[in-house]
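Participant: Here's the letter readout for the chains.
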Amino acid sequence: MNLDEALKTFVIESRELLEGMEDALLRIEQSPGDADLINAVFRAAHTIKGSAGLFGLDPVVEFTHNAENVLARARAGELPINAEFVALFLEVCDHMRTLVDRVANGGDFDVEVSDRSHELVVRLQAFSPAGIPAEQKPMLPSSSPDVVAETADEASTETGDWHISLRFGRSVLKNGMDPLAFLRYLTTFGTIVRIVTLFDDLPETDAFDAEECYLGFEISYRTDADKAAIEGAFEFVRDDAQIRILPPHSKISEYVDFIQSMSPDEIKLGEILIRCGTLTQNELDTALRTQAEEEAAGEAHHPIGEVLVAQRTVSPAVVDAALQKQKALKENRGGDSSMIRVNADKLDEHINLIGELIIASAGIDLSAIKSGIPELLEAASVMKRLVENVRDSALQLRMVQIGATFNKFQRVVRDVSKEIGKEIRLEISGAETELDKTVIEKISDPLTHLVRNSMDHGIESADVRLARGKPAYGTLRLNAYHDSGSIVIEVSDDGGGLNRERILAKAIERGLVKPDELPSDDDVYNLIFEPGFSTAEQINNLSGRGVGMDVVRRNIKDLRGSIDIETTAGQGSTMRIRLPLTLAIIDGFLVGVGNSSFIVPLEMVVECVELTQEEVDASHGRQHLNLRGEVLPFIRLKELFDLPDVPPPAENEDDDDDFGLGNADGTRDEGTSTANARYEVDEELAFLLQPVKRENVVVVTYAGKRAGLVVDELLGEHQTVIRPLGAVFNGMEGISGFTILGTGRVALILDVPGLVRRVASDDVRKNRAPSTHRG
Amino acid sequence: MENRITSPGGTPAFAVEGEFTIFSAAALKPEIVAAVRNAAGQAVEIDLAQVSEIDSAGLQLMALAKREAAAAGRDLSFVRPSAAVLDVLALCDLASFFDVPASSDNGDPRPAQRDPS
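Residue numbers (the working numbering), protein chains in the order written: chain A, 1 to 775; chain B, 1 to 117.
For reference, chain B alone in the conformation it holds in the complex:
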């Protein structure tokens, strides 16, 4: 799992890749908070395209990032959510809360089939 700060299209972005779960949450928290606080511009984007799995811990971090952005007066948006993210947002009816489009451009909007292994 690797988290990079990239700048596609000029907007400062933080990308979460791989697992966005309890196993990675502790490491991701300071990075996400820093990304939101230290963002150069007004708009902050967090890229969720490469999230393979997300659980409650990941969801909480999304909420934390949103609150952090609001406190810092920045516009946070979650972009390109993966199928796993969309699945969870649909389950919790949070798509509109996080202002995530119901379907994204990276394909299958259906809930991802979870791999049991």
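Okay, chain A solo, but in the shape it has when bound:
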């Protein structure tokens, strides 16, 4: 791993840690007694400090160190964890993010940043008046050996020190790591009491390669941190160095083992340990003598340890606990390593290739059918199934839970509610709902805008709320769920709801609506998405400037989604965003109209029914159908897209092959071709009774509304790789993309949401003014 790569990883990990830290802080506000949460905050700060130390990012280390000290005291229960604490640490968290951003941008820490660091440090110290515990200061002991000796003397009366033995691998320097950086890092959370630097491995002058590392250190180290933290310091060099860490009060046997394992020259290492102050001369003598005696008695090395354990009466429980802890740590690591970071571009490329694979497989399928060779047909169908599985699993790779995005709003809600002086709570549900990563990235901004809008305009001030008999605090709800192939994200508030009259008045004033018009509720509410439309009486820096809601709608439309509003005066409103689950590949339903083919997203298809002449007659030209007692508006695609009629119906019966896919009849899915099957059985009779070819209606649903699409032919399911339309076709209604069929022909993908909306609004307009009926 070169240094740039490692630094990149540091930035990514730090950002993740900071996210976790912010999340924990926000939750602490609700449950201040939760030790896990404060631990999580502490760990995040500690880990960032540690990694920053490895890269020599002193501004980060220094700042984080101060924060960590306060956190350590809070964790120990010495400081109250209150709103003030959380507010301060949210600022600390933000500043750490700034620092990490600076690192990501090349490590430019300017005056502005250091001033801010300084300001926060002063506030941190004010918060923790007793100051920083002396032994945690990241300063080195002064270079004078006398002072070091003094501290060492004190040590004998204290808890005892760790012993760390380091032998760095030859390649450490070449790998961009400096052993001294690890020592420096150790000084950030403890004190190096004694250190002996070993040059014993320095080769002969000629063999000496200045770029290889020959260093070793024996360190006596004092810290309150645990073994995991010390091990963590050497995380980056773990595979590249021999590291032995002996806890305070270790058994002499462990030192004996250690001495034996490290060096053939036992006496020398023993002496080094004495120089380090880790062992007394007496202890070393005892250890070596015991060992010598045992050897003389002809016993193997193994029992020595046991004898010594017995001598020192070390409690087995302690050892057990230590083992358990290490095991847990190992398992934790195992969990981490089962995740892989993958470049999003690689994933996109993978999905594109699978798109091509699907098209190719459709082509093979078609050739197999034409050839009529049973073996080939079977092989093709097996392959088709596998390709479908591959497609599903590939798309699954891109699926991300929306929870992380939702959690970001905890902070937004907290900050905005402080800013506008309203108490607002955020409730989140459906956080485990998954959707495509690209979609999640693009939905974050519109969602932020909706949340702010709801808080600012939706939720009333506390006194108004109380007057209306509602609790003083407002509630904002974020919810997500899956619904017929789309994901629905709801932003709801329990505020005053949209004011229909005011919106309408404003719209008339702006000339968006004619004064004599009587638009439907939906139409009125949708006006708030018009560019520059705002009914806010007060403009503030959050919203109300009329910029934004139109951008929200445009962003959502770009994702092939839609937004609608449900509002009850005095009770609140819900903004409901619907988005397609994926932007790449869908299950489609292929239909034929005239000589053209169209794809309807399969998830939106409810059923297929025949459109009989009686029904057409019964509708009296009103484009409505009686579907089991329900009124179903329908659209004739042939009229919509102005397609020429197919050759005369009688001729058409023998001319199926002209359709390209027409001969797929025999292999259609059982379930979807019932209508056609019946049609074929009754062919003769049908022809005699009704010389006009019968049409089929594909009933589709979107956002709870149904509509019928009148088509000539139902051609069955089709794996659809969505291709975007070129810029020329932008704004073309009714079409959302195209795909390539197995034959190489193009099929247009119908924009069902748009079509359903068109029928619904036509409906309204028709009731109002029949003359506007589209011809």
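Wrong hints could be hidden among the right ones.
Pair by pair, the computed Cβ-Cβ distance ranges are [stated by the list, open to error]: (1) K8(A) with F23(B): 18 to 28 angstroms; (2) K408(A) with A49(B): 48 to 58 angstroms; (3) A49(B) with E5(A): 28 to 38 angstroms; (4) D445(A) with E31(B): 54 to 64 angstroms; (5) M339(A) with F23(B): 30 to 40 angstroms; (6) R97(A) with R74(B): 54 to 64 angstroms; (7) F23(B) with I420(A): 53 to 63 angstroms.
Straight line, CA to CA, 27 angstroms or less: simulated BS3-like cross-link-like pairs of lysine-lysine [as the list claims (entries may be wrong)]: (8) K29(B) with K174(A); (9) K422(A) with K470(A); (10) K408(A) with K437(A); (11) K174(A) with K66(B); (12) K557(A) with K705(A); (13) K442(A) with K8(A).
Treat the hints as calculated values from the structure; they're not laboratory data. Owing to the predicted nature of the structure, the values given are computational and were not obtained by experimental measurement. Quick reminder that beta carbons are idealized off the backbone N, C-alpha and C, glycines included.
Based on the hints, put chain B in the right spot on chain A.
Facilitator: Relative to the frame of chain A, chain B by itself:
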């Protein structure tokens, strides 16, 4: 970075300037070894006043020079260590090993603030 052999005060000296790190170590090694071996007099001085940065690689070279001098029977001393050098020697408790005065005449004995950029 430039390394010159100068003779302040008559003692043959080798001066390390700028970075005394992995980036310069390979180039410095033969020069340091040569300076120690080919020194005219008994006493050899290596001037560390202009060292802006030193890492493990530099430290190793100092150890190598010391051993080389001992083998050649010469008296090697490191003179005028910069703040960066003192910082590292303090960290590794090597000040007495290299016989470097704890504070030097060129000023600030405190550990040098490292520039992150």
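Participant: Going back to the hint list, which numbers does this structure go against?
Facilitator: none
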